[in-house]
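As you go down the protein sequences, you meet chains A, B, C and D in turn. Position 99 of the first sequence, counting from 1, maps to 98 under numbering that gives the first Met the number 0, and the rest follow consecutively. Position 108 of the second sequence, counting from 1, maps to 107 under numbering that gives the first Met the number 0, and the rest follow consecutively. Position 80 of the third sequence, counting from 1, maps to 79 under numbering that gives the first Met the number 0, and the rest follow consecutively. Position 108 of the fourth sequence, counting from 1, maps to 107 under numbering that gives the first Met the number 0, and the rest follow consecutively.
Derived by calculation from the structure, the hints in this document are not laboratory data. Hints are supplied without guarantee of correctness; some may be wrong.
As the list claims (entries may be wrong) - Pair by pair, the computed Cβ-Cβ distance ranges are:
1) B:7 <-> C:154: 53 to 61 Å
2) C:121 <-> D:42: 34 to 42 Å
3) A:31 <-> B:6: 50 to 58 Å
4) C:71 <-> B:10: 39 to 47 Å
5) D:71 <-> A:40: 46 to 54 Å
6) D:49 <-> C:121: 45 to 53 Å
7) C:101 <-> B:52: 29 to 37 Å
8) D:79 <-> B:71: 55 to 63 Å
Said to hold, decoys possible - Stretch-level coverage of chain C by chain D, calculated; a stretch enters the list once three of its residues show a Cβ under 8 Å from a Cβ in chain D:
9) 24-34
10) 37-46
Given the structure is predicted, the values throughout are model-derived calculations rather than measurements. A virtual CB, placed ideally from N, CA and C, is assigned to each residue, including glycine.
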Amino acid sequence: MDLRLDVSERDGWAVLAVGGEVDVATAPRLREKLIELVNDGHHQIVVDLGAVEFLDSTGLGVLVGALKRVRTHDGDLALVCTESRVLKIFEITGLTKVFAIHGSVDEAVAAG
Amino acid sequence: MDLRLDVSERDGWAVLAVGGEVDVATAPRLREKLIELVNDGHHQIVVDLGAVEFLDSTGLGVLVGALKRVRTHDGDLALVCTESRVLKIFEITGLTKVFAIHGSVDEAVAAG
Amino acid sequence: MTRSERGTSDHSAATREIVELELPARPDVLALARLVVAGLVSGDPDFTDERLDDLRLAVSEACTNAIEAQQRAAPGRSAPPITVRCWVSAGRAEVEIHDNGTGFDPRALAPHPPVTDPARLDFEGGLGIPLIRLLSDNVEFRPSHSGTIVAMTFEARRARSGQ
Amino acid sequence: MTRSERGTSDHSAATREIVELELPARPDVLALARLVVAGLVSGDPDFTDERLDDLRLAVSEACTNAIEAQQRAAPGRSAPPITVRCWVSAGRAEVEIHDNGTGFDPRALAPHPPVTDPARLDFEGGLGIPLIRLLSDNVEFRPSHSGTIVAMTFEARRARSGQ
Ligand SMILES: Nc1ncnc2c1ncn2[C@@H]1O[C@H](COP(=O)(O)OP(=O)(O)O)[C@@H](O)[C@H]1O
Ligand SMILES: Nc1ncnc2c1ncn2[C@@H]1O[C@H](COP(=O)(O)OP(=O)(O)O)[C@@H](O)[C@H]1O
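In isolation and in its complexed conformation, chain A is listed as follows (with noise of 0.2 Å):
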């Protein structure tokens, strides 16, 4: 229900914008939401985790299936991630060797 995706553009990088909460009654819209944009032509994408209070294995698993996607595009899919409530749900899981994590949306586009 209380999930909030926003689209923007940073130096030809998108960038998702996730809040709320990510669970298996909200995931398929974020996973509708990056098939959108790589079937777009967008195949670099930073996804905002900033405004995320809950995000569970579904929807680590959605960021992992878009992460492949880009790749098949040869492109890459960058996070942004501060919050520590949640990045230890990718530290545990030991997704944080599977994705670039970063501190700011900056950091992630001058990174890429």
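Knowing the structure of chain A, use the given hints to seat chains B, C and D with the ligands on it.
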């Protein structure tokens, strides 16, 4: 559980600032604090409900009891309340006719 | 009214599914009861914040009475739990509070003196049932085999104002 | 384990009283399940915000699995409800999620390829049970007569740090 009580003084009035949720679980603490004030010789009391997030009929009853108690000492008890969610409860029960309800502590003290 | 009877009414079964909460008969669970019912009903965007406040207070009053009745009937820790059942559909919330208490006759409750009468100050209690009546769109106090069921209806948009 | 058996354990009955929540087997109730369990457990000041986050996520994962299992077993609106039972005492929260689903063998789940293996990206699912194991202090997946009971324990202060 979540009830905050703060006592201060203003121009000879005891000001009791109440915050959080007043229900049958927390109202006994409000009742005790008001009895304590009266027993300590404070018969001019302002109860500031500005930070109250929830107030039930037990809380209303405690305030009615406190008003009766100060009146027997020729004192007075005034309320400060601006939040419409709390004001509404006094209105629909008719208790706006029993209590003097003010928009600020200053106003309550000036009126007293 | 049983669950299956409810299911035959005008709304579809899918939107009438019930959330049921069983709580120990202790005052410190009231905050949780309010949280659950308001959390569930806030999923229906037709309910304004003000109407959610009405719901929260009426549910809290009914749960308080259920807990107190239950503790009178079975003092101390042996009191069985109370149950809150709630369902929402198309701008209407229905909430039932079930207790295993002593039962009572709501028509036999004496009204308070008018607020202008100084004797009004002698009454600290007795505002729970009046508040429930004022805040809900409909309320029934039904004797059950084990105690009382308080069944309240809340419309997102009230047809009538208070009383 | 029945409620009365629980009552005979080392904690007093008064602090072990159970909150039980019955929810329709639909994803949109997950937020409510998280709210109730976190709301109940936050009443124990020993639980830090971080530990409440752990609890919220593990409970949500277990409820998600229960809902999905239930919908596989009884597709559509006919799926029976799932039940969340929770009790807190002396710095420990216990949560059970009951479903009437298909059942499963948690030991038979294949682990993912290591995160350094590119094939890891082929797996979008399968992180729920690992997260439950990492975040809880203890978890049991018990077959029941009707489906599965996932019984998790959370200590306010963890004896071990995640796996
Ligand atoms: N569920 C119930 N079971 C038994 N008695 C009840 C119940 N609800 C209310 N009552 C009776 O009705 C009386 C009035 O209730 P209420 O208006 O809420 O005021 P109060 O609880 O302050 O007395 C209670 O004192 C109690 O005797
Ligand atoms: N309560 C349950 N009842 C039946 N099967 C379950 C239950 N919980 C988990 N499972 C099975 O275990 C698998 C792995 O679960 P999980 O690790 O949460 O990942 P995912 O749900 O993403 O597949 C599920 O796909 C399902 O087949």
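Evaluation of the provided hints:
1. B:7 <-> C:154: 53 to 61 Å: violated, 43 Å
2. C:121 <-> D:42: 34 to 42 Å: holds, 35 Å
3. A:31 <-> B:6: 50 to 58 Å: Given about 56 Å between the Cβ atoms, the range holds.
4. C:71 <-> B:10: 39 to 47 Å: Given about 45 Å between the Cβ atoms, the range holds.
5. D:71 <-> A:40: 46 to 54 Å: violated, 37 Å
6. D:49 <-> C:121: 45 to 53 Å: holds, 50 Å
7. C:101 <-> B:52: 29 to 37 Å: 32 Å Cβ-Cβ, so the 29 to 37 Å window holds.
8. D:79 <-> B:71: 55 to 63 Å: Once the Cβ atoms are compared, 59 Å apart, the range 55 to 63 Å for residue 71 of chain B and residue 79 of chain D holds.
9. 24-34: Per the Cβ count (6), the hint holds.
10. 37-46: holds (count 3)
Checked against the numbered hints given earlier, this structure breaks hints 1, 5; the rest are met.
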